[in-house]
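**Student:** Letter by letter, the chains look like this.
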Amino acid sequence: MEIARRLAQRPVLLVLAGGCVFLVVGSLDSSIFAQQTVAGLAQGAIFGSLALALVLIYRATEVINFAQGEMAMATTYVAFQLTKWGLSYWAAFAITLVVAFVFGTVVQLVFIRPVQQKSVIAVVIVTIGLFILIDGLVTWRFSAQLQFMPAPFGNSVYHVGSVAVSRQALGTLLVSVLSVILLGVLFRFTKLGLSMRAAALRPAAARLVGIRVDWMLAIGWGLAAVLGAVAGLMTEPTQFLQPTMMQSILLYAFAAAVLGGLESPVGAVVGGLALGVFLNLIGQYVGFVGAALQLPLAFAVLLGVLLVKPNGLFGRALVRRV
Amino acid sequence: MKAAALAVTAVVIAVLPFELSGYHQGLAASVAVYVIAILGLNIVTGYTGQISIGHGAFMAIGGYTTAIMSHDHHTSLLATLPLSLAITFVCGVLVGIPALRLSGVYLALATFALAVSVPQFALKFSKFTGGSNGIQTSKTVSHLWLYGVSWSCAAIALAAAWLILRGRTGRAFRAVRDSELAASASGVSLAIYKTLAFGISAAFAGVAGSLFVLATNGFAQPNEFGVFLSLTLLIGAAVAGLGSLWGVLAGAAFVALLPTVSQSVPLVGSAHGQDVAFGLAVILVMLLLPTGAAGLFVRIRTLRPNNADTTES
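Going down the list, the sequences are from chains A and B.
Numbers in our numbering are just positions in the first sequence, counted from 1, shifted up by 4.
31 is the number that our numbering gives to position 35 of the second sequence; each next residue is one higher, with no gaps.
Everything labelled a hint here was simulated from the structure, so no lab data went into it.
Hints may be right or wrong, so weigh each one.
[Said to hold, decoys possible] Think about it this way: if two alpha-carbon atoms lie no more than 20 Å apart in a straight line, the pair counts; the simulated SDA-like pairs of lysine to any residue are: (1) LYS120/B x GLN132/B; (2) LYS122/A x VAL101/B; (3) LYS120/B x TYR289/A.
For clarity, every value in this text was computed on a predicted model and none was experimentally measured.
Could you put together the complete structure from these sequences and hints?
**Tutor:** Laid out in structure tokens, this is it:
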């Protein structure tokens, strides 16, 4: 009863709960539906982790980081280089995450901090500049050709009843969700996380209680880069490695982040998962959409949501003092 | 002083084509194309405060209007310009209406959605647009023709923007930018002026898109109007300085010429090195001049003591 009452107060939760029921019923009804749902969740988990990276940076710096996808792509190339030097996949994975953290932190310190106080638009343009720069550097070093990495999860397929689920999809889902949960734990239960939230929410007050706000912002960028690296590495098995691999993923991640409300980490993940499942099911059952109209469709959904809730599903309405 | 600078610029632009090779005329014409597009973006973003990352979409609509009219109906190329102006004006107003409900970063991403979607529609409805191969105008134009028409349009656009912005409409735009609440309290209709700003700015971008297509041998292709074009326009507007008319020339020259110039620098010229150079230049300009060329003008002017108090907003 209590749950029902709370759901009624939050229409968004009601809609989402309805969506989940629809997915479960559909999956029980048809094995193709179930397969597409699982594949969509795996795809959506990638959107979600990149969207979460965007949200982390948006909360801390109030800008959209256009370079997020390219940073993820660059770190994936780091992993590629490491495996080429003979490291095993998971060793390369771990080292890459460390490299990504340092990379994100350095980017914030060197490129973002100098303009941060001056104007929001300048920061946005700097991230676009970074986008172009990273793209150029990676293409220069590794060429624009497709490259291949060892498959992290192998190619085997599990059968649950009549539903075939690839290990690849399950692994992607697991790794992405695990990294999101770890990040959540970091923010919720550690002193560092508390300081970071304080620095993002009330920089001046945080500074007064002795938090190194500048450092917290840099660490935020580092963590966002780590999430991006996870997204990049999980994208690689399906798209293979090329400098443009994260560009369309970034667009979906934008959509997911805005869908969830840009301020809300939970919203970003839910938005990502919902978008992944939605696109996969539409691709399966609505032939007209095809490959060309997937992106426009994702953004049409986004616009529809924004017109009803201008601050996204989980966003708070902005109250401004005049 | 300002009039003199203006006159000198006009004379240089008028004489320049006779000193340049055909290739360089085309390059100079592309500066004019960016001038028009960035002016449009500046009207809605710089003067009315509505951030748009979607102006590449309006350029695409204008460009496809020209290509389709010329290819399918053999309309004369000049006659397609007012047509794409009218069509993109209507599109801009239509986009402006949902934009009334959104603001700030949400509006930016909604316009970004537009930039992402329009080229995809061109791919999907290939019967009209030629799909990924694109569609070509029935005639192509010489570099000199292009230079003359582009810079004439740019001059008209600058004059029009100046006239719009100095009067009642421009005042209303700036009022909306500075405070929507105060503007509507003073009787400025937010709905009318926001959609008008979107319409005017889209019309500028539409004409720029038509010329853009003519500059690429008359080809309108989806990948030329991708997300990146919209981002380039935003870079141009930021380098120009938001809310400045004359800075637009600098911003347009920056985005139109730098990639080509860096191609001829020996070390950078290797494959994709120009991306590195362009990216670095964008970052450096923003680090050094966060308010763009307009900020530089203001800084230079305030150096002169007799003019110290004439900073404009």
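**Student:** Compare the distance between the alpha carbons of LYS122/A and VAL101/B with 20 Å, and conclude whether the hinted pair is satisfied.
**Tutor:** Satisfied, since the Cα-Cα distance of roughly 18 Å is no more than 20 Å.
**Student:** LYS120/B and TYR289/A were given as a pair; does the straight-line alpha-carbon distance stay at or below 20 Å?
**Tutor:** Between LYS120/B and TYR289/A the Cα gap is close to 18 Å, so the pair holds against 20 Å.
**Student:** Given the hinted pair LYS120/B and GLN132/B, is their Cα-Cα distance within 20 Å?
**Tutor:** Holds, at about 18 Å.
Violation of the numbered hints given earlier is absent; every hint is satisfied by the structure.
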